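Colleague: Read off the chains here:
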Amino acid sequence: MKALFDKLWDDHVILTREDGAALLWVDRHYLHEGSHHGFRTLAARGMAVAEPRLTVGVADHYVPTRGPVADPAIARMVRTLDENTSAHGIRLFGLGHPAQGIVHVMGPEQGLTLPGMLVVCGDSHTATHGALGAYGFGIGATEVAHVLATQTIWQRKPARMRITFTGVAGPGIGAKDMALAWIARLGADGARGHAVEYAGPAVRALSVAGRLTLCNLSIEGGARTGLVAPDQTTFDWLRGRAFAPADFDAACADWARLASDPDVAFDREVTLDMAEVAPIVTWGTSPEEALPITATLPDPARESDPARASRIAAALDYMGLTAGRPLDSVAVDQVFIGSCTNARIEDLRAAAAVLAGRQAKVPGMVSPGSALVKAQAEAEGLDQIFKAAGLDWVGSGCSMCVGMNGDLVAPGQRCASSTNRNFRGRQGPGARTHLMSPAMVAAAAVTGHLTDVRPLLEGRA
Amino acid sequence: MTGWTTHHGRAVALPLENIDTDQLIPARFMSAPREEGYGRFLLHDLRRDGDVLRPDFALNQAEAQDASILIARRNFGGGSSREAAVYALQDAGFRVVIAPSFGDIFAANAVNNGLLPARVTEDQADRLLAACPAQMTVDLATQTITSGPDSIAFALDPVWRQKLINGWDDIDLTASHAAAITAFASRRRAHAPWVWPKD
Numbered sequence: 000m001k002a003l004f005d006k007l008w009d010d011h012v013i014l015t016r017e018d019g020a021a022l023l024w025v026d027r028h029y030l031h032e033g034s035h036h037g038f039r040t041l042a043a044r045g046m047a048v049a050e051p052r053l054t055v056g057v058a059d060h061y062v063p064t065r066g067p068v069a070d071p072a073i074a075r076m077v078r079t080l081d082e083n084t085s086a087h088g089i090r091l092f093g094l095g096h097p098a099q100g101i102v103h104v105m106g107p108e109q110g111l112t113l114p115g116m117l118v119v120c121g122d123s124h125t126a127t128h129g130a131l132g133a134y135g136f137g138i139g140a141t142e143v144a145h146v147l148a149t150q151t152i153w154q155r156k157p158a159r160m161r162i163t164f165t166g167v168a169g170p171g172i173g174a175k176d177m178a179l180a181w182i183a184r185l186g187a188d189g190a191r192g193h194a195v196e197y198a199g200p201a202v203r204a205l206s207v208a209g210r211l212t213l214c215n216l217s218i219e220g221g222a223r224t225g226l227v228a229p230d231q232t233t234f235d236w237l238r239g240r241a242f243a244p245a246d247f248d249a250a251c252a253d254w255a256r257l258a259s260d261p262d263v264a265f266d267r268e269v270t271l272d273m274a275e276v277a278p279i280v281t282w283g284t285s286p287e288e289a290l291p292i293t294a295t296l297p298d299p300a301r302e303s304d305p306a307r308a309s310r311i312a313a314a315l316d317y318m319g320l321t322a323g324r325p326l327d328s329v330a331v332d333q334v335f336i337g338s339c340t341n342a343r344i345e346d347l348r349a350a351a352a353v354l355a356g357r358q359a360k361v362p363g364m365v366s367p368g369s370a371l372v373k374a375q376a377e378a379e380g381l382d383q384i385f386k387a388a389g390l391d392w393v394g395s396g397c398s399m400c401v402g403m404n405g406d407l408v409a410p411g412q413r414c415a416s417s418t419n420r421n422f423r424g425r426q427g428p429g430a431r432t433h434l435m436s437p438a439m440v441a442a443a444a445v446t447g448h449l450t451d452v453r454p455l456l457e458g459r460a
Numbered sequence: 000m001t002g003w004t005t006h007h008g009r010a011v012a013l014p015l016e017n018i019d020t021d022q023l024i025p026a027r028f029m030s031a032p033r034e035e036g037y038g039r040f041l042l043h044d045l046r047r048d049g050d051v052l053r054p055d056f057a058l059n060q061a062e063a064q065d066a067s068i069l070i071a072r073r074n075f076g077g078g079s080s081r082e083a084a085v086y087a088l089q090d091a092g093f094r095v096v097i098a099p100s101f102g103d104i105f106a107a108n109a110v111n112n113g114l115l116p117a118r119v120t121e122d123q124a125d126r127l128l129a130a131c132p133a134q135m136t137v138d139l140a141t142q143t144i145t146s147g148p149d150s151i152a153f154a155l156d157p158v159w160r161q162k163l164i165n166g167w168d169d170i171d172l173t174a175s176h177a178a179a180i181t182a183f184a185s186r187r188r189a190h191a192p193w194v195w196p197k198d
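Just so you know, the sequences run in chain order B and S. Counting along the first sequence from 1, when you hit position 88 you're at 87 in numbering that gives the first Met the number 0, and nothing is skipped either side. Counting along the second sequence from 1, when you hit position 16 you're at 15 in numbering that gives the first Met the number 0, and nothing is skipped either side.
Hints are not guaranteed to be accurate.
[Unchecked claim] If you want a taste of the chain S side facing chain B, the calculated C-beta under 7 Å gives, among others:
#1 Met0
#2 Asp19
#3 Pro25
#4 Thr173
#5 Val194
#6 Trp195
None of these hints come from the bench; they were simulated from the model. The model shown is predicted, which means the values in this text are computed figures rather than measured ones. Ideal Cβ placement from N, Cα and C applies to all residues, glycine included.
So here's chain B without its partners, still in its complex pose (with noise of 0.2 Å):
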């Protein structure tokens, strides 16, 4: 009896020694701007790319989304990739390029990204491609010059934890709500050391889209990578992508094994009732942090802990927020739409179906996830809902999530954000993010403060 996690580390192990060990085959490795740590070491001791046809970079964290790029030293992180990708005869998805956009993004898009393959990436949100069936995680520059060296990786084995969704997501609850609902359950560390497998019927009955968020957010409940088992939904969706397999049948009866056997027992297991999952918001710093919109902001005088007791109020604090006031009643300055999390074009149709016809009270920028994405809302009109809304409408990359190119909320700005991370200064220092469905960013735009979506759906698709 096998889970799906253990038939992907099989696939993958070339050795494994006596202590535990394991050395992995890599067959995607996806680099950013970031490795130019990973390049210098591999100019240092002279070597070459092992396999430059199993490497594809993307030029994400640091590219403008809006004109040319203004700081020389961005500049200079965007120009690296080029070259190095370019003197080792790596495919580049650069700055420019028609199918350029963020890297979990654009790596699935294209069919880069398949079930059963081992896929690592100098970023931590790399389980994202688990969604498809793949064995995603993210890595550091030392074990990024180890792959571009040999494409292989040593890891010990992570304990199996499944988490399962019953019962149907109610209206205008989605994945991010699900990712959030755990993570708020089990902590920020609370699945540290496992790979996760999602499954149940309110996960089967996803979109691949909805799929690719609920494994991106994997690493925020501080599990090594988040799965979920490829079915004929995986198979429609990634069937005629430009990188698809060419005998593609062939391919999917092989992935059609890529499920955990029936009786498989997990190390751990978890389960959530779809009926407790409410559109959830977070309050502080850490995305463990995080309630239902319909909740009041916890109170430190309550807390018969000392040590959360000081991390509420520390938290509250930072974020400028008062104790036991109603979620929905925190203004917001700004709205952000986009990221690796919730930036593909079933996230930025939520979003304009509560935005149509409406109009934000709040400045905001609406970054699409690639290039392609951007193309296909612009086909449906959706860029013309949000700029009618009064949202910026920009170009695609990594932006205000990291704010590495300059894309920055400024301190002591509230922004509602359909990120992945609500970490101090994450958007700019001082910064404060609530993090949230790219619909409930959308409602937050519409009422100028945190905002249950439902009510703004009714009526609507």
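Start from chain B and add chain S according to the hints.
Modeller: Frame of chain B; chain S shown alone:
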């Protein structure tokens, strides 16, 4: 990377949970070349109120200036895969971080650079935090932290322990398995040709 077995140094307490990698080094500093030194970026924004260093912040106090052991609460280094978080700690003089839990990617990055992520229980962390500032000895051979009369066993993956002691470099280790890798690659290509994308 140079191996090490025993480290003796001053420990400083940072009694916070969830010190994420964005705190360890804010993203805006990561385009700097490593040669310039990353120590000045360590916990840059947490240490400051605007542009002014916060006098009440542990790392800003005089006795912390030569500290090489950092003690914190759960989920240290969660978040981003940025190895720069480790560079910032190392360039600021740290050799050991002690906490009840670490972000997995951070811990792997730490070991790859010779920085020890030592796991202790919540109670042990409380004891060590209460002892700070203090001189402590960390021994990889016995897997213990000694602080005055107190001796605490810490948890560490045995593979990582050997790596830290021997200063192993993975690229060198892997080179000895070149034949097995080549054989695996041809099996992989036969079984899953779609892994190699068209040109």
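Colleague: Hints first: check each against the structure and report whether it holds.
Modeller: Status of each hint after checking the structure:
1. Met0: With a minimum Cβ separation of about 9 Å from chain B (threshold 7 Å), the hint on S/Met0 is violated.
2. Asp19: 5 Å, holds
3. Pro25: Where the cut-off is 7 Å and the nearest Cβ of chain B is about 6 Å from S/Pro25, the hint holds.
4. Thr173: Status holds, d = 5 Å.
5. Val194: Hint on S/Val194: holds, closest Cβ of chain B at ~5 Å, below 7 Å.
6. Trp195: 5 Å, holds
Checked against the numbered hints listed earlier, the structure breaks hint 1 alone; every other hint is satisfied.
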